[in-house]
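Colleague: Using the sequences and the hints given, assemble the complete structure.
Chains A and B are the protein sequences, given in the same order.
With the numbering used here applied, the first sequence covers 1 to 182.
With the numbering used here applied, the second sequence covers 1 to 165.
If you are wondering where the hints come from, they were derived from the structure by calculation, not from laboratory data.
All residues carry an ideal CB built from backbone N, CA and C; glycine is no exception.
Some clues are possibly wrong.
What the hints assert, rightly or not - Short, incomplete list of chain B residues facing chain A, as computed with Cβ under 8 Å:
no.	residue
1	Pro46
2	Gln49
3	Asp63
4	Asp87
5	Phe92
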Amino acid sequence: MDRFKLFLPLIIFLLLAAVFFGVQRQVQTGDYSPTALPSALLDRPLPDFSLPTLDGGQLSRDQLPAQWLLVNVWATWCPTCHYEHPFLLELAQRGVLILGVDYKDKTALAVKWLEEKGDPYFATVFDGDGSLGLDLGVTGAPETYLVDAAGVVRLRYQGALDQQVWEREFLPVVSQFSGEAE
Amino acid sequence: MTLRFFGVFLLWVAALPALAVIETYQFDTDLQRQRYNAFIEELRCPKCQNQNLSGSDSAIAQDLRRQIHQMIIDGKSDIEITQYMVDRYGDFILYRPRFSGAALVLWLLPVALLLTGLVIWSLMTSRRGRRAEDSAPLSDSDRQALQALLDDQIDDDKPSSGGRL
Chain A
1 MDRFKLFLPL
11 IIFLLLAAVF
21 FGVQRQVQTG
31 DYSPTALPSA
41 LLDRPLPDFS
51 LPTLDGGQLS
61 RDQLPAQWLL
71 VNVWATWCPT
81 CHYEHPFLLE
91 LAQRGVLILG
101 VDYKDKTALA
111 VKWLEEKGDP
121 YFATVFDGDG
131 SLGLDLGVTG
141 APETYLVDAA
151 GVVRLRYQGA
161 LDQQVWEREF
171 LPVVSQFSGE
181 AE
Chain B
1 MTLRFFGVFL
11 LWVAALPALA
21 VIETYQFDTD
31 LQRQRYNAFI
41 EELRCPKCQN
51 QNLSGSDSAI
61 AQDLRRQIHQ
71 MIIDGKSDIE
81 ITQYMVDRYG
91 DFILYRPRFS
101 GAALVLWLLP
111 VALLLTGLVI
121 WSLMTSRRGR
131 RAEDSAPLSD
141 SDRQALQALL
151 DDQIDDDKPS
161 SGGRL
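Modeller: This is the structure we're talking about:
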C-alpha cells in the first residue's frame with residue numbers, strides 16, 4: 001500500500017498526459033474544435049427576416065421553399081468564403097438549394113463577386129448592417145445553416161465547407177431527420 | 001535636435017492609448033450609461049474565447065455593443081436584453097452563468113466537493129479518535145511490564161550504575 005502511494009504522483013501525471021494528448025489529437029484531426037460554439041438556434045425555426053436581394057427584389061422567410069436548404073453567410077471581405085466558393089458551386093450543381101446571406105458587405109462588390117466566380121445561390125439577401133446575422137447568432141463569415149423542410153435549423157457549421165465537412169457533418173443530419181420523417 | 005525628436009516620439013507613444021477608444025455612445029441618463037457599461041463588462045464576445053464585449057475590437061463585439069446601446073435607448077429591461085443575447089448566442093455569452101441547466105454544475109460542484117471533503121475529514125478524525133480509545137486501557141500485567149521497562153531504563157541512565165556501555 002505504501003509502495004502504491006509512492007507511485008501515485010506518477011500515475012496521476014500519466015493519466016493527465018493521456019487526457020491532454022487525446023484532446024490535442026482530436027483538435028488536430030478536426031473532431032473537436034475549442035472555438036466552435038453550439039448554436040442557440042439549433043432545433044428552432046429560422047429567424048424571421050425580410051431583406052432586399054442582390055438582384056433588386058425583396059425576400060422574406062415565408063417565401064422560402066418548403067424543403068431542405070442551406071443558408072450560407074458570406075461576404076467579399078472574407079478570405080475563407082473565397083476558398084469555399086467552388087464547393088458551393090459544386091453543391092448547387094448537385095441540386096442543393098443554397099440561400100446566400102451577404103453579410104455586412106457592399107452590394108456592388110458582392111454582385112461583381114458572383115458575376116466573376118459564378119452564383120451558387122438561388123437567392124442572395126443583402127444584410128448590410130448585419131441584423132439577420134445578429135438574429136442568426138453569426139460570429140463571423142463563413143457560416144452555414146442547414147434548414148429542414150419545416151424551416152427548422154438542424155445544423156450550424158462555422159468555417160469553410162468542403163467535401164469532407166459535407167460528408168462528416170451535414171449528410172448524417174439530413175439522413176437522420178429524413179429517416180424519421182418517412 | 002535628436003533629444004527633441006525623441007521627446008516628440010515619447011509623447012506620441014504616450015498618446016497611443018487614445019486610439020484605443022473605439023466608440024462613443026450618447027445616453028439620456030447616467031443610469032443608462034451604467035447599465036451599458038455593466039452589460040459590456042459582463043457579456044462575452046462570441047468570437048473571442050475569453051474577452052468581454054468591452055475588451056474586444058472584433059466586428060461582432062462592435063455590433064453587439066451597438067445593439068445593447070440601441071436596446072437601452074429603446075427602454076428595454078435588463079432581463080429582455082440578457083434574454084435577447086442568450087437567444088442568439090446561448091449561455092456562452094454570459095460571464096455570470098445562470099442558475100439553471102448545465103450551468104448548475106458550475107454553481108453546485110464546489111459546494112459538493114466541499115461537503116465531500118468535510119465528510120472524509122470527519123470520518124478520518126473519528127477513526128483516529130477511536131483508535132486512541134482502543135489503545136487506552138492496559139491490563140495489570142501490561143502495566144507491570146511497562147513499569148519494569150521504565151525502571152530498567154532509569155537504572156541505565158544512572159551513571160553510578162557502573163561501566164555498562
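Colleague: Hint by hint, which ones does this structure get wrong, listed from lowest number up?
Modeller: Of the numbered hints, all hold.
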